[in-house]
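With chain A's structure known, arrange chain B on it following the hints.
Protein sequence lines, in the order shown, are assigned to chains A and B. If you use my numbering, the first sequence closes out at 482, no skipped numbers anywhere. If you use my numbering, the second sequence closes out at 436, no skipped numbers anywhere.
It should be emphasised that the hints constitute simulated quantities derived from the structure, not laboratory data. Glycine is no exception: its CB is placed at the ideal position from the N, C-alpha and C atoms. There may be inaccurate statements among the hints.
[Said to hold, decoys possible] Label-pair ranges, simulated between beta-carbon atoms:
| id | chain 1 | residue 1 | chain 2 | residue 2 | range |
| --- | --- | --- | --- | --- | --- |
| 1 | A | Lys177 | B | Asn177 | 41 to 51 Å |
| 2 | B | Asn177 | A | Trp70 | 35 to 45 Å |
| 3 | A | Arg438 | B | Glu275 | 32 to 42 Å |
| 4 | B | Glu50 | A | Asn279 | 29 to 39 Å |
| 5 | B | Glu22 | A | Lys177 | 50 to 60 Å |
| 6 | A | Asp36 | B | Asn177 | 55 to 65 Å |
| 7 | A | Ala31 | B | Glu275 | 53 to 63 Å |
[What the hints assert, rightly or not] Covered by chain B, according to a simulated footprint, are these stretches of chain A (three or more residues, beta-carbon under 8 Å):
| id | region |
| --- | --- |
| 8 | 301-309 |
| 9 | 387-397 |
| 10 | 406-417 |
[To be verified] Below, a list of computed lysine-lysine pairs in the BS3-like style, where the Cα atoms sit at most 30 Å apart:
| id | chain 1 | residue 1 | chain 2 | residue 2 |
| --- | --- | --- | --- | --- |
| 11 | A | Lys412 | B | Lys332 |
| 12 | A | Lys353 | B | Lys53 |
| 13 | A | Lys177 | A | Lys353 |
| 14 | A | Lys199 | A | Lys347 |
| 15 | A | Lys177 | B | Lys48 |
| 16 | A | Lys417 | B | Lys163 |
| 17 | B | Lys48 | A | Lys412 |
| 18 | A | Lys347 | B | Lys48 |
| 19 | B | Lys47 | A | Lys412 |
| 20 | A | Lys347 | B | Lys368 |
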Amino acid sequence: MAEQKQQIEEFVPQEYAAGFITDIEADSLPAGLSEDIVRQISQIKGEPEFLLEWRLQAYRHWLTLETPEWAHVHYPEINYQDISYYSAPKKKTDGPKSLDEVDPELLRTYEKLGVPLDERARLAGVAVDAVFDSVSVANTFQDKLAEQGILFMPFSKAVHEHPELIKQYLGSVVPYKDNYYAALNSAVFSDGSFVYIPKGVRCPMELSTYFRINAANTGQFERTLIIADDDSYVSYLEGCTAPMRDENQLHAAVVELVAMDRAQIKYSTVQNWYPGDENGKGGIYNFVTKRAACRGESSKVSWTQVETGSAITWKYPSVVLQGDNSVGEFYSVAVTNNMQQADTGTKMIHLGKNTSSTIISKGVSAGRSQNAYRGLVRVGPNADNARNYTECDSLLMGDKSAAHTFPYIEVKNPTAKVEHEASTSKISEDQLFYCKQRGLDLEDAVSMIVNGFCKQVIRELPMEFAVEAQNLLGLSLEGSVG
Amino acid sequence: MKQLSELATPFASVAEALIAAEGTAPWLKKRRQDALTQFNMFSLPAKKEEDWKYTSLWDFSQQIFNHHTESVEIAADEVDSVALLHDAYRVVIVDGVFSEELSDIDALQSGLCITALSESVDQLEHSLGQQTELTKVGLNALNTMLMSEGVVISVDSAIEIEKTIEIIVINTGNTANLATHLRHKIELETGAKATVIEHYVGLTQDSYFTDVVTEVNLAERAELTHYKLQQESNNAFHIATLAAHLAQASHWLTNNISLGAKLARNDIHSQLLGEQSHVTMDGLYLVDGEQHVDNHTRIDHAVPNTTSDELYKGVLDGNSHAVFNGKVMVHKDAQKTDANQSNRNLLLSRGCEIDSKPEMEIYADDVKCGHGSAIGQLDEDQLFFLRARGLDEVSARSLLTYAFAVDVLTRIPNHTIREALAKVVEQRLPKTGEKE
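Okay, chain A solo, but in the shape it has when bound (with noise of 0.2 Å):
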């Protein structure tokens, strides 16, 4: 227990204040929800009319729904009228003037995941003045990125410079009508990442890279849109290894993705919010909705996601296969522990003739956290030849955290092969005695253990972050067996 304390004090210091650092210059609008915010929204970020128009019609449609109550989580009632849609980022003299005056357990961590020491004192929350200046940084790459035509721009600047492509796209694979969480964010999100890669352009660098430097956060309600136009290839990761505080109890986020004719997108999260304390207070809501479509023929799309952090992660990256031939794919590690709740999964919908999808879905649970895979197979009528395979393992540790598998199974069409697998197990005392014997210690043996049960999932983050990504997976687990 004593061993389980020290981990949550190392992993969430409570002197860590929010500090993310955006440009945006605005206050900070009321708590509440009504069209008058939106509207106030849209104002502050000078959209063009048919935004608005998009807002207020999700805002009226979301009024029409009721909150989802079919995840296997449990939470207090979230009063919508208590939160701010829209708040102004912390002043940069808020934050720590240098690393030195950082909390010495946050920085461990950081050592222990092997964050660059440039990132450090900018993720812990330090002015940026203060460390280096990534606008320069950031905008050789950008440079690099226009030469070939290709836009990776704030949402909010993409809707001024690009109108067309965003009312084109915006909402054409999650509508606002999607789910609850889809349309509240529609009706208030507040910026994202937009991308666009034109035509037979494979995209130079992982934009993850960019966006960990540039952007760690945009914010409560985010959105992103991005587009791969016909044999383009582009590789995106949101999110940081680092633990992030964050004050937004709620983050409903809508991600969609757009493949053209042999165009591919490898999308990777690395989630690892604040998930609360060891007796469930505080922490992050993750409700969000991920969608992908392969409109083209023989396009793909992959999602991998480490998901550690939050308080709930309510969340099932999505590929509709529509064009023949097209590919999706998930890899996913969830890891819970504490009092952590996670549903998550996917949902693979084949439409079209002679499309493939996996699924690799890894869950470790332990404290008494709960961990559920909620997935969807779906192969229609006309999706001739469609295949599936869906590989779901559980690892528990502790005798008080939960596994659970909901697989939706769904097949209309006669020449469909789908397989579905799934198993539970623990880590047993004969691996840990093998590897103590050979002299590892329990920390770094349960690491090992389940990295390993991991790694079908690690091994398809891009490089630098799965070195991260598999510090992490220790790091969260810690003090959770012996």
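Leaving out everything else, chain B in the frame of chain A:
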């Protein structure tokens, strides 16, 4: 609203009449009354209910069923011809009425007691309804408020019943749109062993409704082998619940074969309440035409050291629709649970639909649980192998389909029963190859 409340059949008023009837024991009156109140509250589930996501009772709710049996006439040799076994204790229910002359329960082995529910219901005050608490509420209330017949079987401790008990439930078609509400109760005392077959047969292709709830209670070390063979008319509605409590070291083997009915829904629930108890839950469904079959199974591992093994297979042809939902629940502290579940489906034609949902909820860590679900077609290589050896396309397909289906029967310990069931399955298999 998550329920269908507009019902064409006035089930509630039929129940009111039953409650008002003279000669009913006060406790049973109360039981029916409570069930009626519950039924009025919950009625029939609509598709919005998670457990009814893929099965609609709309068509069922629009049927007008008759609760008055007009005639129970049936020739004795007709019963013989439908019976699965010839050397068995036979209990026959015709159109919802127990038939003493057609049954063969006069010379029972000592320690075995078989009675009709209509004759023995008065003694069941404390045992009826003990096992069904966790299954579908509205429909079980419907059964409780209207149950009129059934079979009550009890075996004394340490007695092994050698002969199989076959319950034959026949619909003759003499009464149009007949609704029968049956309640069976099987009780095995400490160390008792028995084999029971529930066999449902429709003699016509008429529409009717069979509603059945079977409760099984196994004491320590008791062993029950249980089969259910459902061969209702292709226009019939068959809604069944089968629920069992297993005490320490008891064993339950159940095999549920669904061949008939327009709409068949089975809720099978096993609660492993004693250590070392084990359940084998197998099933096979062969559907064709416009048939719809829905099997919902649930296994509760409530204590440590229990095991379960489940295999459900389905063959779908025509425009049929099959649903499988298997839930394995490992409760807190139910350590050393070993649970295995598998659902396999063979799709033979365009137009059929399968919805499979194998679920696990696990609240203990030292467990070994796995499940799998697969959906596919006949293997082209295997077909080629058989064709190369001279079998024509149709025979080769039939043979492979048979091999796929009959797999479920291999775990049946009794040779005679296995052969008899294999024969029934063989006759029911589609005879033609796939029409592309």
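Please name the hints from earlier in the document that this structure breaks, with their numbers sorted from lowest to highest. The structure conflicts with hints 8, 11 and 16, although it agrees with all the remaining ones.
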